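Undergrad: The chain contents come next:
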Amino acid sequence: MIYLNDLKALFDHLSKDHQIIGLKKEGNRYYYRPLESFDQWESSVLLGNFSPKEHFFPHDEVLFYFKGQKLIQPEDEIKPTILWGVRPCDIAGIGELERMFNQAGEEGEEGYKDPYFNKRFAKTLIVGMACTDPWPGCFCTSVSGSPYKKDGADIFIYPLENQYLIEAISKKGEEAVKGLAGEEVSGADVSRVEKDREAVEAKIKKYQFDGIAEKLKTMVDSDFWNSAHNPCIGCGTCAFVCPSCHCFDINDSSKGSRGLRSRQWDSCLYDVYTLETSGHNPRPSGSQRWRQRLNHKFNYFVQIFGMYQCLGCGRCARACPVNINIAEMAKKAVEWQEES
Amino acid sequence: MTNLTSQIRDEACKILEAKKVDIVIGYGQGDNPMRTQPVFIDNPQDVDKLVWPAFGLVNLANYLLRYKNAPHKIGIVTKGCDSRSIVALLKENQIDRDRLFIIGVNCPGMLSRQAAREKVGEIVSAQDKGDGNWSFTTVEGEKEVSCFDLMPSNCVACRHHSPVISDVVIGDDIAEPDVEDDGYDDIRKFERKPPADRYQYLMSEMSACVRCYACRQACPTCNCDECFVDITQPRWVDKGLEPTDLAIWQLIRTYHQAGRCVDCGSCEEACPKGIKLTWLTRKMNLIVRDRFEFEAGLDPDALPPLANFKKDDPQEFIL
Chain A
1 MIYLNDLKAL FDHLSKDHQI IGLKKEGNRY YYRPLESFDQ WESSVLLGNF SPKEHFFPHD
61 EVLFYFKGQK LIQPEDEIKP TILWGVRPCD IAGIGELERM FNQAGEEGEE GYKDPYFNKR
121 FAKTLIVGMA CTDPWPGCFC TSVSGSPYKK DGADIFIYPL ENQYLIEAIS KKGEEAVKGL
181 AGEEVSGADV SRVEKDREAV EAKIKKYQFD GIAEKLKTMV DSDFWNSAHN PCIGCGTCAF
241 VCPSCHCFDI NDSSKGSRGL RSRQWDSCLY DVYTLETSGH NPRPSGSQRW RQRLNHKFNY
301 FVQIFGMYQC LGCGRCARAC PVNINIAEMA KKAVEWQEES
Chain B
1 MTNLTSQIRD EACKILEAKK VDIVIGYGQG DNPMRTQPVF IDNPQDVDKL VWPAFGLVNL
61 ANYLLRYKNA PHKIGIVTKG CDSRSIVALL KENQIDRDRL FIIGVNCPGM LSRQAAREKV
121 GEIVSAQDKG DGNWSFTTVE GEKEVSCFDL MPSNCVACRH HSPVISDVVI GDDIAEPDVE
181 DDGYDDIRKF ERKPPADRYQ YLMSEMSACV RCYACRQACP TCNCDECFVD ITQPRWVDKG
241 LEPTDLAIWQ LIRTYHQAGR CVDCGSCEEA CPKGIKLTWL TRKMNLIVRD RFEFEAGLDP
301 DALPPLANFK KDDPQEFIL
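These protein sequences, in sequence, are chains A and B. Taken in order, the first sequence gives residues 1 to 340; the numbers are from the numbering used here. Taken in order, the second sequence gives residues 1 to 319; the numbers are from the numbering used here.
Some hints here could point you the wrong way.
Here are the simulated distance ranges between beta carbons [to be verified]: (1) B:D173 <-> A:S144: 53 to 59 Å; (2) B:E118 <-> A:K332: 29 to 35 Å; (3) A:P136 <-> B:D172: 30 to 36 Å.
Think of the hints as simulated: they come from the structure by calculation, not from any bench. Quick caveat: nothing in here was measured; it's all calculated off a predicted structure. The beta carbon of each residue, even a glycine, is placed where N, CA and C say it ideally should be.
Okay, chain A solo, but in the shape it has when bound:
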C-alpha cells in the first residue's frame, strides 16, 4: 500500500497500457465512458446515472451476423481496460454479473460461460474507490456491502484528507501499479482507514433484511403483492440502471438471407417479458411481476448464490418515475403480517 498526493499519477501510470473508463459528463448526466484525460473524470459524482455494467454487458450487442448458412462473429477489438473509480456497490454488481455469466458450475460440470461478457471481463482491471460521503439513497451496509469494501477490485483507493492510499489487491493489480512511485503506508494510517470506514458506515441508512429469503418463500400467495406494486407503471428504468440486473432479450434482424442476431437489456417488469408464443402470459399482472423482481433480488439469488442480488446503490429509487424504492419494499415484506 502506498501514499499518493494526486490520483493523476495513478491515472497516467495506468493509461500507458490501458484505455480508462470512468465517470464522464454527457449532457447533464454521468456515464461510464472512455476518459481521454484525468480532467474528464467526475470525481465528485458517487454514482453514474447508469452503472458500469454497460462496459461488460452492453445495452445492445451483436452476437453474430449471418449470411445464408454462414455465421460471422463480430470482430470488435477488446482493448485492455481500466474501470476507474468504481464504488464498492458497483464492484459488487460486477461480481454478481460474473456469477451469472462466468459460472463455476456444479460438481463435475462446467458452468455457463458467456463469451461476450468474459471477453471483456478478462481484459478489464477494476480500480475501486472508497466512498467518504455517501448519498442519502445509499443502503449498501444493509445488503452485506460497505463503502470501504475492496472485494472484487484489483486496485483500491482510500481517500484521506490530503492524500490517497493505494492498495493493489489482485496479482493483476500489483502488476499494473509496478513502477508507480509512492511511499509505503504506515501502520497508523491503515488503522485510520478502519476508523474512517466505521464513521462512514454509520452515516448510511440501515435496513434489517435478516431472514428475508425465508420470509419471501412463505409469501408466494400473500396479499402483500396485491398492493405493494401499486404505484409501479411497468417501465424498465430500474432494471436498466441496476448494476446487477442481467436479463436480456434476443432478437434477429434480417433482410433476405442476411442479418444479425443481437441481445438487448430486458426487464421483468415489462408485461411482454414473460409473454409466450401461444399468447399465454404466466405473469399477466404488475403484482406478479413485482413478486418476481423482489424474489429474484432477495430470495432466489440468496438461495442459489448465497447473496442478495441488490447492492444498495439506490439507483432504482432515484431513477424510478414514481420513486419506488426496492429497499422500502423489501422492508415492508420483512415486516408483513398475514391476516388470518
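Based on these hints, arrange chain B on the given structure of chain A.
TA: Same frame as chain A, but now just chain B:
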C-alpha cells in the same frame, strides 16, 4: 402542511366514509422533498398519506386504466391536465364516468426534476426553503433556485390550470394568462431554425433513448393493448439502439398522440435520459389545434379529430 393537502385529505375522507368510492388515487410523499409516489387509499384512516406535491409530474389518470374491467368506484385527485386525460379516456371508452369521483385541484403548476437537473446539475439532496426558493446539494456544491426556474416547459405553457371535469374543486381560481400568448412561442422559435439544425437537435435527442418505455408507461393515452414496438410477428421496429429505430419509436409514439396528448409532461419527467419529449408532442398539439381547431380533453362533448371526419377538414395531403 399546505392548505391543498388538508383539503384533499378532507375530501378523500368524506367520499371514503360515505362509501361513494372504494379507493382514492392521489399523490403521496416520496423518499425526499423532490419525489412523489402515487398512493392508493382504501381506508379513511389512511388519508394522511395524501399530499399535494411540489414535484408532481405524474399523471394519475394513467392508473385508471388498471381499473378498466374492475368493479371499483374510484376517487382521483386531478390537476387540470389530468382531468383532460380523463376526458380523453372517457371519449375513448376506457373508463365509465359513473365509477369516478374526481377531486379536482386548481393546479398552479408543478416543479420538474428534469428542469431542476438542467438548472443545478446532479442533485444529491433538496430542501424547500418555504419562501419560494429551493436549495440543493449537488455534485458541484450548494445551489439555491427560485421555484419559477424549476417549472417544466409544459407547465409554463399551460393555459388550463383548472380541471375540465370534476365532482368537487379545491384551491383558488387561477387566472389564465393573456390569450394573445398561446404558450407555443418556444415551438415556433424552434421551427424558424434551419432544417439541418432542427434535424441535428431532434436526432441527438432521440438517439439518447434507451427504449425503457418509461414515456409510454407514464402516459394515460398510450394505452394500446399491444404497443407496435412490442409486436414480434412480424417485428415492426428492430429492438436495438440504432438511431433510426429510436427515431421511429419516438415519432410514431408522437403520431399516435395526435389530438390525444394533453401536455401533462409525464413522459418527459419519467425519461431516465431527460429527452425533450414534449418538444415533439407540443409541436403535434400545435398542428392539431391550428388545423382541426381541437385541443385534447377540453370538451367532453367533442369527438377527437382521429375519431371524426368533417367534409371541410384540411385534406390537401390526399393526392
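Undergrad: Would you mind marking each hint as holding or not holding in the structure?
TA: Against the structure, the hints:
1. B:D173 <-> A:S144: 53 to 59 Å: holds (55 Å)
2. B:E118 <-> A:K332: 29 to 35 Å: holds (34 Å)
3. A:P136 <-> B:D172: 30 to 36 Å: holds (34 Å)
Hint violations for this structure: none, all hints satisfied.
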